[in-house]
Amino acid sequence: QKEVEQNSGPLSVPEGAIASLNCTYSDRGSQSFFWYRQYSGKSPELIMFIYSNGDKEDGRFTAQLNKASQYVSLLIRDSQPSDSATYLCAVRGQNFVFGPGTRLSVLP
Amino acid sequence: DAGVTQSPTHLIKTRGQQVTLRCSPKSGHDTVSWYQQALGQGPQFIFQYYEEEERQRGNFPDRFSGHQFPNYSSELNVNALLLGDSALYLCASSLGGGGPDTQYFGPGTRLTVL
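Those protein sequence lines, which keep their order, are chains A and B. Residue numbers for the first sequence, in the numbering used here: 1 to 108. Residue numbers for the second sequence, in the numbering used here: 1001 to 1114.
For the record, the hints were derived by calculation from the structure and aren't laboratory data. Keep in mind the model is a prediction, meaning the values are calculated, not measured. Don't take every hint at face value.
Claimed, not checked - Reference excerpt, derived from the structure (chain B facing chain A, CB under 8 Å, subset only):
hint, residue
1, S1027
2, A1038
3, Q1056
4, Y1104
A virtual CB, placed ideally from N, CA and C, is assigned to each residue, including glycine.
Same shape as in the complex, but just chain B (with noise of 0.2 Å):
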């Protein structure tokens, strides 16, 4: 049973920049969340996509954009990299359509902005 999966591991940016982290749910979740987390702080929310659609959104600005494919495989995108930006990207899988949606994470993103 293949868990989430995440792609590149790691990545160094410079500010202006873009970037598109890659998202692949455990097998049978149809529900991508991604998060940020900066170092000794709790993950944020950053948005959540379901059928292919941005279901709910956190506070994030419009920098940071997402998708979904029919396979259930999403993207981050962020755009004109801040040094702030530098942090874990985390990408978490669920079954949507209700219930306790139980979130299941990936190993993560580490992006680094210079």
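Chain A on its own, in the form it takes in the complex (with noise of 0.2 Å):
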């Protein structure tokens, strides 16, 4: 069974700082990468993908992918109290893998 894992959370940052989540595959074949957000009751957003190795930057989030260490981030800078959601990390290999989410917590 191919695996993603995710922390669980709750990840609790200030407003203003930065929220680092990260995220482990066990694919080694998995060639796309993907950031989901998930409000409460609400289905999964999309925040961006990334597919090559470094770093991938969409306004407040950067994305990084390590293949040799099978390891993708996500960064959000000046976080703020809206971004606070379930975030999962999704993969694409034979079929789409997705973790159980990391729950962010941005305190004002």
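Join these two chains into a complex; the hints should help.
Shown next, in the form of structure tokens:
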């Protein structure tokens, strides 16, 4: 069973700080990596995807991928209370596999 | 640009019954994937439909079946409902034929089995 692991949290950061979310995966054949945000009672919303080693920036979000270490992370700069949600890491190998999500709480 | 739509929003069934959930993909998308999300967990892949055929399947029993229509919309059918089938059922659409397969989710159908 191919797995994706995330710390369940909650991860609490003060408003304006950098939130760092981490994800590891077991399938070395994985090709694409995604971060989704899910507010309570809502469906997942795509934040960004990455498929090359290194960093990819989009506004306040930066995704980082290290295929050798089978590790992908998401940094959120200048965290806002509205960023409080569960962040899901998804990995595309043969199938789409989601991690259990990390609950982020941004404290005003 | 119409996003992914799902119906119904909520559904209550009793054990042993059958249910059909519906999904219309985002405009321009031809691939539909279905997921089950239990409370507090990440979505679990059920199956994916492309060109009206089941292309991939996750670890779900045969009670879960689906269909894709020529207009790319899709149905998820669950037979002989169990209490454990209570969950949020998510449909995601993407553009098939290769590439990163970026998936966009619909609002979900909340199924409660009593």
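Checked hints:
1. At about 16 Å, the closest approach between the beta carbon of S1027/B and any beta carbon in chain A exceeds 8 Å, and the interface hint on this residue is violated.
2. Taken as an interface hint, A1038/B does not check out: its beta carbon lies about 10 Å from the nearest beta carbon of chain A, beyond 8 Å.
3. A distance limit of 8 Å between C-beta atoms decides the matter here; for Q1056/B the minimum to chain A is near 6 Å, and the interface restraint holds.
4. For Y1104/B, the interface hint holds, since its Cβ comes within 8 Å of a Cβ in chain A; the closest pair sits about 6 Å apart.
The structure does not agree with the numbered hints 1 and 2 stated previously, though it agrees with the rest.
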